[in-house]
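Visitor: One-letter residues, chain by chain:
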Amino acid sequence: MKGYRKYFTKKIVWFMVTFAAALVLNFFLPRLMPADPVAAITGRLASGMTDATAVSRIYKQYQAEFGTDKPLMQQFFTFLGNLTRGDLGTSFSQYPRKVTDILGSAIWWTVFLQLPAILVGWLLGNVLGALAAYIRKGFDKVLLPLTLFLSNIPAFGMAVILLVVFAVNLKWAPISGGYAFDMIPNASFDFMRSVIQHYHLPFWSIVLISIGGQAIGMRSMSIYELNADYVKYARFLGIKDRKIVRYVFRNAMLPQVTGLALSIGTMIGGALVAEIIFNYPGLGTTMYRAVTMADYPLISATTLIITVMVLLSAFLLDILYAFIDPRVKAAQIN
Amino acid sequence: MSNTPVMEVRDLTTKYITRFGEDIYAVDHVSLQLWEGRSLGIAGESGCGKSTLALSLMGYYFPPLHYQSGDIILDGQNITQMPPDEVRLNVLGTKIAYIPQAAMNALNPTRRIIHFIQDVVRAHIPHMTKNDIRNLATERFEKLGLPKESLDKFAVELSGGMKQRTVIAISTILSPQVLIADEPSSALDVTSQKMVIKMLRNMMDEGMIKTMIFITHELPLLYNVTDDIMVMYAGQIVEEGSAREVVFDPVHPYAKGLMDSILVPEEGMRDTKLAAIPGTPPNLKKPPAGCRFAPRCKYVEPRCTGINQDLRVLRSGRASRCWRDEDELRRKYASER
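Those sequence lines, one after another, are chains A and B. According to numbering that gives the first Met the number 0, the stretch in the first sequence is residues 0 to 333, in order. According to numbering that gives the first Met the number 0, the stretch in the second sequence is residues 0 to 336, in order.
Now the stretches of chain B that chain A is said to cover, found in silico as 3 or more residues with beta-carbon under 8 Å: (1) 84-97; (2) 119-129.
Far from chain B, some chain A residues (derived; all Cβ distances over 10 Å): (3) 5; (4) 21; (5) 30; (6) 31; (7) 39; (8) 44; (9) 77; (10) 80; (11) 136; (12) 163; (13) 271; (14) 280; (15) 317.
Keeping only pairs whose Cα atoms sit at most 16 Å apart, straight-line, the calculated EDC-like set for lysine to aspartate or glutamate is: (16) 97(A) - 64(A); (17) 5(A) - 317(A); (18) 209(B) - 74(B); (19) 328(A) - 156(B); (20) 197(B) - 226(B); (21) 239(A) - 85(B); (22) 239(A) - 84(B); (23) 297(B) - 259(B); (24) 209(B) - 7(B); (25) 328(A) - 151(B); (26) 284(B) - 22(B); (27) 331(B) - 259(B); (28) 285(B) - 21(B); (29) 331(B) - 300(B); (30) 242(A) - 84(B).
Derived from the structure by calculation, the hints contain no laboratory data. For glycine and all other residues, C-beta sits at the position ideal for the given N, C-alpha and C.
Next up, chain B with everything else stripped away, as it sits in the complex (with noise of 0.2 Å):
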């Protein structure tokens, strides 16, 4: 591994401005470093600025979001200065791809597949003949697991597992970067799900992408697919650290509630009462003063709200939005058990 990061986000700040001239920040000083062979993946529940994030770290913005300030820097330049049509010819679908949420929803119904391909590759590269386009998808196809008869189709003709795996084939048909998949598994079945994880950590082991960005509202599914995980709250980063500690030892309230609210199928759980953060996400119109996350915080103390909370880092890796030392929450959470 090399010792600088494929790619590296430093206080990005972008905001929604509504119709209305408000400004909603759904991202707020966000910082992370994507690192060659390493995955990452964002969690949170919804409203919290996650797919906002997703579309921030293309570098191309269009109404209703809009860039405020921090930098992207990727293969040594900063995409947030770049004329917006050179990031689309340049770095968009060559250095950063993208997987959106509805991949059901993000294939032209009246083009097939293999047509589709072709524009994505001739706007990047205009001259590459329909021969050599069809070959190289054919390849990618069948390096992926995926049929290559699905190629001549129209999306209507695939099932949501194999658009979904049709949609990330496409994205990444040349070679980008960095992968940002925001929910590409929310809304398929778990052997879909399954087949699309599998598929994705397969992409980055054989190098057709050196990094990933996943993001969900499933934390637990993170441990499985990603190295390291970062929690967000309220546009802000609560909590970062590899996904091993983030799942099992949660340092940040909001991310102890959020592992605490998981449906674990066992003997006795129907009469359980379910644990759950009480409470939504604040309107970012008007974020709460200090910690955004303590108006629902069970450990809230009058210091939550007086001041605004930063990241701390803990240790190398290992940050979260908490005044509040990480034994004593521990000791907390294990005296509620």
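Next comes chain A alone, as it looks inside the complex (with noise of 0.2 Å):
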């Protein structure tokens, strides 16, 4: 139990350095961009206006409004205040709105997008791999080469494959939105069936990416442990089929809890190719239309949180092996 604890200290340390770096490039790689948001606001606001001293008044306004006048440095440690509090600040292109408030509404669409859609990917992937190892034979040589093509549609690919299918020709989905366009979003059976409507099409193409990743590493990894020497020492102790299997599929899923935890913590950074082709109301569209705007308070937050997500997945994949593998426990803890 002390060397649980004295490891477990070390990785959070760890965590809180990484943690640490990753907040100041995220605070300062957005605003190391060539751009001016402050100007681009101001020009918004001023346009038709002929009064160049009143122009420039409203931009030392909004520039003292965003504190973008301070300096760089002077600007980083407010920044860090109010995230103490927080608060992370008002957004350039969606002025008055609070960057918290675009993030909570957004952050739920991703969230109901992608972790179903990387679960059942997953799941799938991880028995039909299974299946192709165990069964061998035919199966495996249609799986096989149907997995390997596609793990390698890129995701932008796969999804404008789907639209064009099913939402162009077919006509069965609607083509973009989280839900239809004169809808408002309330609690009623219509707009849930919207939802739904809208949910299809980028779920699949991020269900169909990641059943081919998961499919091929389980596949591989059943047929190394079905080969292992423990499988045939137990089969001459008169250990029972099922049971074996079931000691393979077991040992060989460790390694893909790996791969579940990444997919679950860079999950923002992968929503944004299939949230931007079907233009879902999720982080992902709203981080790539920050970039675009040059919103640096939205920038950093949106970074922000694939950073506290990332690390927080990795730490709990951490703690998880120590239970679930006992290999991992001894080297980690000796």
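Since each chain sits alone in its own frame, please combine them into the complex, following the hints.
Guide: Written out as structure tokens, the structure reads:
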């Protein structure tokens, strides 16, 4: 137990250091972009105005409000101070909305799209991979090339194919958005139906892509485990095949858990492509817009969420592994 | 000692079928008898079919190994003729137990020892309670001098020697009549090796097992472990006898060659030329005609490659696959000193 505490303390310290470094990058990298977002906002408000001093006054006022007239270091400490209070600032591009408001509505779209898609893709992929390894023969001969093909289609390619085939040509599903454009989000039955209709294509585009990679990984891990010495030994002790298959698939799953944790961690980054193509109102689309508009606070906030998610899932994975794989535990603690 | 062997193997032949459909006879008409209280050692170089023989003796075959012909009589039953599922249920683990060559990797890395023992026991006695199984395992571990704390550990938490001894204890948990140990001590340091051998002999003495086959590439080791020795070459038995006879008075030139190539650390040893059998065991896809050892034999004559050699019984319990007179061979060996 003492070994555990030491191990986890070390882990936590390392994650704090990583988080601090990421925080610095999250803040400074977007602000190094050669752009003047305040000028863009001023330009929008001042269109039609003829008084140059008035325009410049508006510009100054916004600079003061966003704090962009202060030195970058000072801005950084303000950012940190606000962060401790859970305040991520005001969006430039969607002024005067608070960044936390924008993220608060977008994040749920992403989570409800990505989490089920990743889980379903992971489960289907692993089951198919395990079956291919166990059955071999014809099933494997069909599945392996198919999964190789699927896993090599880039995410945008898959999304575009689904979009063209099912939305444009077959008209089975709407082309874009998270719900019909003429609706306002509410708890009505009609709205729910619209959401589900819009859900299918982005969902399946993510599922199909992840099935491929997972199935290939699971298949080769299972084949490796099926030929392990302990399988032969268990057979020669008369243990039933059903039990041995359980040993094999449990052990083959272990590396796959890493894959799952990593895809949950990089969920929001991964959401980018599917969300942009389907114009889904999630974090991916938000981040994309923020980048194009040089919306510093919004960019910093979305990348911060990605950082936290990746770190958190990596940390949870480390803890989880110590419980599910005694080999990892032995290596970590000694 | 009763006058029927615990297990009798008659003319057992098994083969590997390669991906290209070729047959490789790695065990070629092997006959042997295992008697209660007597252990048998099998020696030979790598690639001579020792491990395949160990697998073949289990009576349970899966690709690429296939049964060809011959009988294995155990408890009055010919297990080569039993359906595979019945062998698995009623023979493996309960009548014949196996200790694999790579015992280091023989244990499922994610299963505690006690849970694995539960799986083994329940495969044969489905209704035995967890508590009874734990008691059985604890008692057995204590008897064999293994710490009972190991039961709740994972394989990674045990040292190499401990893992090997744990595997032996698991294999014999249901007190099988025959134990087949394939190089159980080859990967261990001398101290662990000694402990393993002591443990195996102890199990014979205590009657946990009735008889044992011990396979190794170290012929002299067998002198300390088993009562009888068979030397195997190219899938065939080339010499058999008591441990003392085979080690100190080998008849077949291959057995003699194996004994001569042993390194004994003694004064002046560093400067002497190392005696070794030239060449390597033949490819069993196309074994040489006549005596299979002829291409590597110092004493080869035209007659050797002409006709197949049978295992000749010299006297009770002593046999050799060389056509020459044993005294003639002894004189040849003596003249070379």
